[in-house]
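With the hints in hand, could you dock these two chains into one complex?
Chains A and B supply the protein sequences, listed in that same order. Oh and the first sequence: position 144 is 144 in this note's numbering, straight run, nothing missing. Oh and the second sequence: position 334 is 334 in this note's numbering, straight run, nothing missing.
It is worth saying that the hints were derived from the structure and are not from the lab. Computed from a predicted structure; not experimentally measured. Check the hints yourself; a few may be wrong.
What the hints assert, rightly or not - A few chain B positions that, by computed beta-carbon distances, are all more than 12 Å from chain A:
| no. | residue |
| --- | --- |
| 1 | 135 |
| 2 | 140 |
| 3 | 179 |
| 4 | 221 |
| 5 | 231 |
| 6 | 232 |
| 7 | 247 |
| 8 | 251 |
Said to hold, decoys possible - Covered by chain A, per the in silico footprint, the following chain B stretches (three or more residues, Cβ under 8 Å):
| no. | region |
| --- | --- |
| 9 | 18–24 |
| 10 | 43–50 |
Note that CB positions come from ideal geometry on N, CA and C, so glycine has one too.
Chain by chain, the residues run as shown.
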Amino acid sequence: MATGSGAAAAAADAEEKESGSRMITLTSNEGKAFVVTEASARQSATIRSMVDDGGCVDKGFPLPNVDSKTLARVIQYCDEHGNKEAHTVDERAALAKFDKDFIAELDADKAFLYDVTMAANYLHIQGLFALTTQCIADTIKGKTPEEIRTAFGIEYDLTAQDEEEIKEEDTHA
Amino acid sequence: MRRRKKMTTSPAAAAAVDLISELSDDVLLHILSFLPAASDVARTTVLSRRWRHLWSAAPCLRFAVEPAPPPSTSSRRADTGSRLVAAVDSVLARRAIDGADVETLKISFVFSSSPNDGGGGRSAFDGDWHDHADDIESEHVAAWLRFAERHVTGDFRLDVPTLPRQRRQAELPSSARFKSMRLWLAYAELTVPTAAAAAADRAFAALTDVRLSTVKVDDVNGRRLCDLFSSPACCPRLRRLTLEDIVGLTELRLRLDAAHAATLETLKLLGLPDVKAVEVDAPGLRELAITGVSLDEMAAPPMISAPRLRRLTFESDETCRGSGLMVLDGARMEIDILSHGFSGVADNRDLAWFLQHCAAADRLDVGLLVPLGEVTKLKGHITYVL
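Next comes chain B alone, as it looks inside the complex (with noise of 0.2 Å):
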């Protein structure tokens, strides 16, 4: 690596030899590319004529709240929050005129509790903890939706915890050239595009992983999602779906049709209280987890089918009564279920019935977490359970 020495004229900084500057276009770029705020990457225009017009080429914008400050501190909180909105409105609007696309785009204002927040972090949603997201509204949230779907080439990821209580609305933003989505939108009312219309726009063409949070449909949009997913015109490369949180969604159907290439391997149903029916048909599915929904308040038993799963994770406060589970081909399969079971109270029938039509199972481990009054209980039992 031959590289030109020069030396700086301040005499303070003497032995500073400028280095950096002389890294390759790439390895700058990808440098900007894990500043957390992108406001830290507009100050490096500043900087030199090197670094002049290299931020407008960034492939990564993240503009992130870093994480939480405490509550008391809720001033601070508040003015870096409608700081961090000035900055990406300036960002996006700035970049917006150089027209460079954008691979990926992450606007977050959700504290996250952990580096690896795959899917958690729901904690920091108690009490008063969005002060920091009030100056966010709903047309903030729809110019980034926009700039999203004419400039963003891969990732994008927008987390709004709070949006005003009147007017809360957005739109499903679409793009050809989108492979990851993943939206949290403070039950803002979505709006679904048909499934025909997006098949003729190549809405979804790219898409591989969607991770919808916090939304609220209604009956006619709520289907339209369905239909968006299950078609492999819309989504023909889905290989990911995680809907959480979505409030008004009654039908849960999604037909996937083994005709075409069923890609979707990964399925998680997390929070989902006004579903009513589901139906999942699923010829490719590896891995489903079923978390906060109320399969016992159904008019119908649930239907799924997926007879390639090896992963199944349920969770239910209620215990679940007579779903026609059916999982083929079970052999390698992992199952992860928590069953709350009281003695006296409840049983865990239901439970059984699940393992025992998982016929081909030839193995089965089980743990047990007994709450400590729970363990004398239990002693006389316990060569019977194992």
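Looking at chain A on its own, in the form it has when it is part of the complex (with noise of 0.2 Å):
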């Protein structure tokens, strides 16, 4: 940046910080560093609350539920979301087909979807936590009950009572 009196350094500064051009330092619960453009990190809600109450955005922030594979994951979406414009059509096609693949590369890798979605709800990243639960509803969506057990690999686990109480309930239907 250049050098200037006070009040353009000020100036600067305030244009900077509007233009979400800092960098913000994320850490993952295995101690790993990943530093991201401001406007990366606002893509999730409880980042951009804490920087706008004045968090210490120089220090970064811990994040103690999400491991590194699973960040590194999540700011690629970040990154994409926060720091490419969406205005033209042409914009937001290339952003739907990067979801479009993000997610079915994630859909191949269930376990991994999973964690993707559980640190998509933790850091509160609207965008993505829609992508992912929409992937796995669209996995349960007509599907009979065996083939969703099979799908996620649920135990049967129902107690003949459960099994007494469903046969009821589908009189009742």
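Set out below in structure tokens:
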């Protein structure tokens, strides 16, 4: 940044704050630091409110609930949505394509998909959370209970009493 | 994120580890809220103990016909419809017993043409399109409305495309907890509470968004409807109001008292064929859309006072004559007017009159939509237009 009078520097600072070009450090539960743009970090409502409340931006934000692998993937999403413009039709299409590829990759690795979902929930990244939960919902949609159990590896552990209840409900339905 | 690794016993699923069940209730409920049909949600109750009672707390219940199957498969469509009616009834009945409130209830038998079907979708109403909704009776509608009044704490939407010709009736549901209400009621005769009764019950205390479509009102209920939306005691938070395809509404008078918080920001009047008088006084109004309202047939010029208006959309098949549209402070206003003027047949005098009365406007963008054959006729005049 060019040196200048105090006022000019303050104005430049304000402008920098405005444009979200400050860098913010996010630390995973394994202690690994990730440096991201403020615009990217602001995709998370949790971090956004900490920044806006005058949180210690310089010290960075430790995220005790998120591991490095998950955080790296979450940041990939935030960078794409926070750092890029989405004004023109082409830009929006590019972003939609990114989302599509992003979720397709996660869908192939369900365990990782849940980790990213939990992180998106914890960090309040609305778009990402909607994307991952929608993906999980799509897997449930239109399937029989047995198909759902197979798809997610859910163990059948209903007791005879539960089964009785279910039968009861079905006759009322 | 730590998790318990739990292997299933089935050898076929040996590689699958049940991780989804370890997501928190909040997340699982959110996932359930994405399921398009509540029957999908109900099916999850038999998955395992973890899922057994989860759904009874599901915040959103959505029942909707899937995107329209082709009309040729009409037996399948009818089948889909009657199964959906049964699913709605059974899920709501169980939910009523459980007593857990519902944040969002959406019941839609209208095929949406696009996912973001904000207002249109009326094209889906051509011809013999409603065989799938033949099983819906006024009694179903009454029961669903009653359930919503008692259990819905946020957004309520009911779209019913057809009802049997006899006994097409419905009561406007009221709940101090509704945040938004969207009703499409197949031209049922609507009964509306008086403003005084509604205010005493705090009937619409939290309501911010209303879209009322395809209903029929008589003079008494039409007047009550206007009173309801005009009264700050009834609808203290109303911000967006759309009245669409309402038959029998002859006088539209919305007088929002400036002394009270004038919360109404968006007003859309779409297809009100019987309206003969319009009087809107909305001090806080920012956006106004009028489509399919015959202003020229009115006994007295429509009076609309909206000093904070920023965007106006006006579309009419007829040119509007002598309307007392009063728009002040429109410096940054966007106006979208579709005016049908054919050369030699009609002129756009009224449109010009209107624009001349937007005294605060300092910029005008004009878009021309010209039928292909007319282009040559226009050529000689284009410089004049510009």
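A quick look at each hint next to the structure:
1. 135: Check passes; 16 Å lies beyond 12 Å.
2. 140: Its Cβ never comes within 12 Å of chain A, the nearest being 16 Å, so this holds.
3. 179: holds (19 Å)
4. 221: holds (36 Å)
5. 231: Non-interface label stands for residue 231 of chain B: nearest chain A Cβ at 35 Å, farther than 12 Å.
6. 232: holds (33 Å)
7. 247: Per Cβ check, residue 247 of chain B is outside 12 Å of chain A; nearest 37 Å; holds.
8. 251: holds (43 Å)
9. 18–24: Our answer is that it holds, as 7 residues pass the Cβ test (under 8 Å) against chain A, meeting three.
10. 43–50: Result for this restraint: holds, n = 8.
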